[in-house]
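Engineer: Guided by the hints, dock chain U onto chain D, whose structure is given.
Residue numbers (the working numbering), protein chains in the order written: chain D, 12 to 323; chain U, 168 to 663.
One or more hints might be untrue.
Straight-line distance between alpha carbons at most 20 Å, and here's what the computed PhoX-like set of lysine-lysine pairs gives [what the hints assert, rightly or not]:
{"#": "1", "chain 1": "U", "residue 1": "Lys213", "chain 2": "U", "residue 2": "Lys173"}
{"#": "2", "chain 1": "U", "residue 1": "Lys213", "chain 2": "D", "residue 2": "Lys22"}
{"#": "3", "chain 1": "U", "residue 1": "Lys580", "chain 2": "U", "residue 2": "Lys524"}
{"#": "4", "chain 1": "U", "residue 1": "Lys524", "chain 2": "D", "residue 2": "Lys216"}
{"#": "5", "chain 1": "U", "residue 1": "Lys523", "chain 2": "D", "residue 2": "Lys216"}
Reference excerpt, derived from the structure (chain U facing chain D, CB under 7 Å, subset only) [to be verified]:
{"#": "6", "residue": "Leu311"}
{"#": "7", "residue": "His383"}
{"#": "8", "residue": "Ala488"}
{"#": "9", "residue": "Ile491"}
{"#": "10", "residue": "Thr499"}
{"#": "11", "residue": "Gln505"}
{"#": "12", "residue": "Ser526"}
Please keep in mind that the hints were generated in silico from the structure rather than gathered at the bench.
Bear in mind the structure is a predicted one, so any value in this text is a computation, not a measurement.
The beta carbon of each residue, even a glycine, is placed where N, CA and C say it ideally should be.
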Amino acid sequence: MTAQQKATLQKLGPLLALVAVCVGLAFMSPVFLTVSNSFDVMRQVSINAMISFGMTLSILLGGIDLSVGSILAVSSVLAAMMMKGGYGAGLATGMAILAGAGMGSLNGVVIAKGRVAPFIATLGMMTLLRGVALVLSNGSPISGFSSDFFSLLGGGYVARLVPFPVVLMLAMFAIFWFLLTRTVFGRHVYATGGSAEAAKLSGVKTDRVQILVYAISGAMAALAGMILTSRLDSAQPTAGAGYELDAITAVVLGGTSLAGGRGWIFGTLVGALLIGVLNNGLNLMGVSAFYQQVAKGSVILLAVLLDRGRKS
Amino acid sequence: MKVTMKGISKSFGPVQVLDGVDFAVAGGEIHALVGENGAGKSTLMKILSGAYSTDGGGILLDGEAVTFRSTRDAEALGIAIIHQELNMIPQLSVMDNLFLGREPNRLGVIERGRMRGESAGWLSKVGAGHIDVNWAAETLSIGLQQLVEIAKALSLNARVLIMDEPTASLTDREIGTLFAIMTDLKSRGVGIVYVSHRMEEIFKICDKVSVLRDGHFVGERVVAQTGFDEIVKMMVGRELKERFPKREVAIGPVRLKVDDLTDDGHITGIHFEVRAGEVMGVAGLIGAGRSRILNTLFGVNRRVSGEVLLDGKPLAIESPADAIAAGLGFVTEDRKSQGLVLGLSLRENITLVHLKKYSRAGIIDRESEHIAVKDLMDELQIRARDAELEVKALSGGNQQKVVFAKWLAEPPKVLLLDEPTRGVDVGGKAEIYHTINRLAAAGSAIVMVSSELPEVLAMSDRILVMREGRQVAIVDAKAANQEQIMTAATEGLRAS
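Only chain D is shown next, with the shape it has when bound in the complex (with noise of 0.2 Å):
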């Protein structure tokens, strides 16, 4: 077996985990194979997903992005208001995901010009947003928006079958998927983690590159909080807190190394479908909650834990 064989093996490991973790939960749970609980699952899957694959882009680079959660929580809002105040839903939500995109490339600068740790800078703006999302809702939830367009985009299906954030969470799955292979911009995201100085040396403008990547886990972050706002119907000023977590975990798991240039979005996608099986699994067995979070806990220090085996 070539090195570069063995190397795909191991990438292969989150995939296997899903597998076995799936075929396990379907002799368990006679419901958990059903085409209806799969698809429910995707859909539930499907936020934390599309903000995992913008976080994927900042671990790569090194960095991390804490403020997605909050992100999601000003845009949520942002569109809410805009809904409310008589624009149209179209609008609205291109407008908040616009918005993501700028809160995500302030962080960005914040980072690259302001040389300030990606941890303490998006922690910063995580403290920061949560109060403009508190601030401009007044503290209470915005509901009720008499849009059949953005009613689609978290309650919709897809020839009547398939939830359309699954679909929106596959067509941005690849996206990304090109973005980081085929890309120059992609090539020069995986250089800049894997060596800031030697991109930079070589003509990579590191600066630019790292505004854009927080600029798109922004925009994912609104993206995924306007799927949530359809859902609720209702756009909360605390909506999202502690997303960021579930999304570094998602990356983690799909073996996105934290140290930066090493990584790939498949695993992401992995790494998130898994941690939805899980949840799911858990619920369809009736475990309580509590012990839903030890398993949980369990099944990522596992998870890693035998990914440095195999490394080492």
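Structural biologist: Chain U in isolation, oriented as in the chain D frame:
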């Protein structure tokens, strides 16, 4: 003490790195171990110092068989190694480094007084008594850090000292100090294994030389009874025609003109011209501002004043990206942190600079990328199984060729080289010199900083000599010699 390694074999997976190698070093002798990159020198020394186990063969100490399970075992028996990448914790003090892992203590409380006194004692034994043991290691020059490592080895009661490329990042003066200490250790019965690529040094300081090639032991010679040609032939397995290939290039018009270049405090008033097809060597001590010239030209650090003209047109370079757009290339000094993204593949590294050339609307054309990479790998004779391998896995020489390949996809108008052959073996060096000559022939203007004076003298047309941030001379390389350049580089400097 005499250490004898007999029939040593070692494999990593399917790759046999050492095959029945013999090697012996006696007390009171300096024994050079040479061979091209990948010949197995490092592996052999890691076995001798206890870091690796052997698959076959054994080690005898004064005729008695021993086994090392760890470097601690080897140290306990008096064998210590000083690695090329020094093993210091930069933030800790000199004495903390000296006694790391074996701090004198009472019930876990460090006896600082004792530590201070003993550290100072060992340091004075290597002529470094003036170092304040409370300083953080990172405040010392590489040369002084090395002396601290040697002092540490002595404090471990080392009878055999392995030194892996100890002079790679030392200035000439520091090398002089190091050699004096090595001679002193030798006279006190310490055996030294000296791993180096620098032939001049071996003939200057070593008593014996052993040669490895492709994991085999080729032979041992007494230095006084052999010569450069024989050793190189043993190393590369063939006659090396020319160490420094000749360059016959018609010198063209002025390409790069630098006028009164000054940065934020390291270099002042640098002015020179380089013509198409010309190689301008830059010599001087470490810290004299040689690398700084290149970094300033390339936009890595800020230019405070002065003008840079390329083909007669003034350049406004604010960043490396600007420099590359203008047609400059830069082979940096530290290939591991600046030249390469170690976790990426050969392919991804080679095309990083000119990726736009292989892409349309931001999307990479994978076929043209693969073709270009293959061509460049052939052209530069990069020896690797395939282009998808991480560059981390390559030998120093091949890594350096990858760094060159990055810049050759689009031949640069001006190529800046900083220590272009550091850590590269004899065969690899000759190939890099050929590449430099080919680029000059294609009309590039080349500026080359190097600490190896023979290299500067042989490869340059003219040599710019730096001293304390200022340029003190530009000499014709044909008419110059080492003494002349060293004098210019050190004249008026305070003796330290």
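Engineer: Each hint should be assessed against the structure and marked as holding or not.
Structural biologist: Structure-based check of all given hints:
1. U:Lys213 / U:Lys173: Given that 20 Å is the threshold and the Cα spacing comes to 15 Å, the pair holds.
2. U:Lys213 / D:Lys22: With a Cα-Cα distance of about 32 Å, the restraint between lysine 213 of chain U and lysine 22 of chain D is violated, given a limit of 20 Å.
3. U:Lys580 / U:Lys524: holds, 17 Å
4. U:Lys524 / D:Lys216: Measuring from Cα to Cα gives roughly 16 Å; hence the hint holds.
5. U:Lys523 / D:Lys216: With Cα atoms ~13 Å apart, lysine 523 of chain U and lysine 216 of chain D stay inside 20 Å; holds.
6. Leu311: violated, 26 Å
7. His383: violated, 25 Å
8. Ala488: At 5 Å from the nearest chain D Cβ, alanine 488 of chain U passes the 7 Å test, so the hint holds.
9. Ile491: Constraint on isoleucine 491 of chain U satisfied, holds at 4 Å.
10. Thr499: Hint on threonine 499 of chain U: holds, closest Cβ of chain D at ~6 Å, below 7 Å.
11. Gln505: Since the shortest Cβ distance to chain D is 5 Å, the answer is holds.
12. Ser526: holds, 5 Å
Consistency with the previously given hints fails for numbers 2, 6, 7, ordered from lowest to highest.
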